[in-house]
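Just so you know, the protein sequences line up as chains A and B, in that order. Under our numbering, the residues of the first sequence are numbered 1 to 115, in order. Under our numbering, the residues of the second sequence are numbered 1 to 114, in order.
Don't read these hints as lab results, they were simulated from the structure. Any given hint might turn out to be false.
[Claimed, not checked] Label-pair distances were calculated between CB atoms; the ranges are:
1) B/Ala54 - A/Gly16: 28 to 38 Å
2) B/Gln42 - A/Arg67: 37 to 47 Å
3) B/Pro114 - A/Pro39: 20 to 30 Å
4) B/Ser52 - A/Tyr10: 18 to 28 Å
5) B/Gly16 - A/Arg63: 44 to 54 Å
6) A/Asn59 - B/Arg10: 21 to 31 Å
7) B/Ser70 - A/Thr7: 43 to 53 Å
8) B/Val29 - A/Gln54: 22 to 32 Å
9) A/Gln44 - B/Arg10: 32 to 42 Å
10) B/Leu56 - A/Arg63: 38 to 48 Å
[Said to hold, decoys possible] A few chain B residues that face chain A, going by a derived Cβ cut-off under 8 Å, partial list only:
11) Val11
12) Phe34
13) Leu46
14) Tyr50
15) Thr106
In this text, a Cβ means the ideal position worked out from N, Cα and C, and glycines have one as well.
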Amino acid sequence: KAGVTQTPRYLIKTRGQQVTLSCSPISGHRSVSWYQQTPGQGLQFLFEYFSETQRNKGNFPGRFSGRQFSNSRSEMNVSTLELGDSALYLCASSLGQGGEIYGYTFGSGTRLTVV
Amino acid sequence: AQSVTQLGSRVSVSEGALVLLRCNYSSSVPPYLFWYVQYPNQGLQLLLKYTSAATLVKGINGFEAEFKKSETSFHLTKPSAHMSDAAEYFCAVISPGGYQKVTFGTGTKLQVIP
Numbered sequence: 001k002a003g004v005t006q007t008p009r010y011l012i013k014t015r016g017q018q019v020t021l022s023c024s025p026i027s028g029h030r031s032v033s034w035y036q037q038t039p040g041q042g043l044q045f046l047f048e049y050f051s052e053t054q055r056n057k058g059n060f061p062g063r064f065s066g067r068q069f070s071n072s073r074s075e076m077n078v079s080t081l082e083l084g085d086s087a088l089y090l091c092a093s094s095l096g097q098g099g100e101i102y103g104y105t106f107g108s109g110t111r112l113t114v115v
Numbered sequence: 001a002q003s004v005t006q007l008g009s010r011v012s013v014s015e016g017a018l019v020l021l022r023c024n025y026s027s028s029v030p031p032y033l034f035w036y037v038q039y040p041n042q043g044l045q046l047l048l049k050y051t052s053a054a055t056l057v058k059g060i061n062g063f064e065a066e067f068k069k070s071e072t073s074f075h076l077t078k079p080s081a082h083m084s085d086a087a088e089y090f091c092a093v094i095s096p097g098g099y100q101k102v103t104f105g106t107g108t109k110l111q112v113i114p
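So here's chain B without its partners, still in its complex pose (with noise of 0.2 Å):
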């Protein structure tokens, strides 16, 4: 079985701070790992995904992510936040093997203080 575990359902940082939001998963194989951002009244836009390639992930407005096998997570970091940032992000993960289920973590809303 698989799951993902978002760490804190709201973030709050300072334009132009670093961003840091936190993805743990669980799978009982190597598993492939995304990043969707949603904005209000929007669907998921993918950020970036891993998929056993490269561990560090670099994907769209300037975020990356770092797979640790070790410590099972793939966390979602940008070096400045802009006021443009602000929006809910979603980890997803799914275990190989064709066909199946993508989990989705609860969330984590991003708040972006001027």
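One chain only, chain A, in its complex shape (with noise of 0.2 Å):
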């Protein structure tokens, strides 16, 4: 069965610009949690969610924002980039709310650059 398809891949934008990401889950998983992850801070927990809601936040601006739609597809939006949000941003699928039984499936991510 297919994966965790996040698009696009790559991505490069200007400080001061908004992005949106989007992130398909697998067939069937209705959570999905976003990770920023960067060299310096490591693996950082974005949100998560389940069935159109969100579940949990992590410690990040309001510049960052996300929402879960009813096929359960999930996008990420940045707004008002910034240099420090050059990333890797990965997406991550579960069968279950909160992923902590089954695990989590990630995307191969999305490589955010900001210039």
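Hey, can you piece these two chains together into the complex? The hints should help.
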């Protein structure tokens, strides 16, 4: 079966712009989580959605937002981009809520570069 | 609060040697524990998970990990390293109870020397 699909794979944006990243989970998975990965901070949790509702949120500013659609696809938006937002953004889906039993399946990520 | 510590940001082993990657956790309740592997420019792939069943967990690619509550550890091992094992490995912890955040360790880069 198809894995977690993230689009686009690479993205270059200018400071001050906004960006939208997309994630399509594995068919049947209803939980989608987003992570930011940088060399300095490692993997940091952004938020998790289940059944179109945000269930958990990390410690990121309000410029980072997300949503989940009825088909479980999720989008993440970052407004007013800063240089420090350059990172690999990973999406992960899980069969159940929270993912503690089943674990998460990760996509290959979107590499965002802010110039 | 939960946290996870991975000792050694870089580990080098010779091909055929034992792989041992260390992970210690802190959690107020017995947590769920995971090991993930990440190859360059890829997402994370689940190697194995501990969810309060057997304390010795076998995963993919010949890896296994043992949950030791007394030591609050979940070290990852593989008897014989292969060149294809070169990657970054992440330990992760999540406290039970629903909607808990996953906390990842800082990762350990494994180098396999031919």
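Hint by hint, here is what the structure shows:
Checked against the hint of 28 to 38 Å, the pair B/Ala54 and A/Gly16 fails, with Cβ atoms roughly 52 Å apart. Under the hint 37 to 47 Å, the C-beta atoms of B/Gln42 and A/Arg67, about 26 Å apart, miss the expected range. In this structure, B/Pro114 and A/Pro39 meet the distance hint of 20 to 30 Å, their C-beta atoms being roughly 26 Å apart. Checking the proposed 18 to 28 Å range against B/Ser52 and A/Tyr10 shows it is violated: the Cβ atoms sit about 40 Å from each other.
Between B/Gly16 and A/Arg63, the C-beta spacing of about 49 Å keeps the proposed range 44 to 54 Å intact. Against the hinted window of 21 to 31 Å, the Cβ-Cβ separation of A/Asn59 and B/Arg10 comes to about 28 Å, which satisfies the hint. At roughly 46 Å, the beta-carbon separation of B/Ser70 and A/Thr7 lies within the given 43 to 53 Å, and the hint holds. The beta-carbon spacing between B/Val29 and A/Gln54, approximately 24 Å, falls within the hinted interval of 22 to 32 Å.
Evaluation of the 32 to 42 Å hint for A/Gln44 and B/Arg10 yields a failure: the beta carbon distance comes to about 21 Å. For B/Leu56 and A/Arg63, the Cβ-Cβ distance of about 44 Å falls inside the hinted range of 38 to 48 Å, so the restraint holds. For the restraint placing B/Val11 at the interface with chain A, the shortest Cβ-Cβ distance is roughly 17 Å, beyond the 8 Å limit, so the hint is violated. Satisfaction of the interface hint for B/Phe34 is found here, the shortest Cβ-Cβ separation to chain A being roughly 6 Å, below the 8 Å cut-off.
Interface restraint check for B/Leu46: the shortest CB-CB distance to chain A comes to about 5 Å, inside 8 Å, so the restraint holds. Annotation: interface hint on B/Tyr50 violated; nearest CB of chain A at approximately 10 Å, more than 8 Å. Hint on B/Thr106 holds. Least Cβ distance to chain A is approximately 5 Å, under the 8 Å limit.
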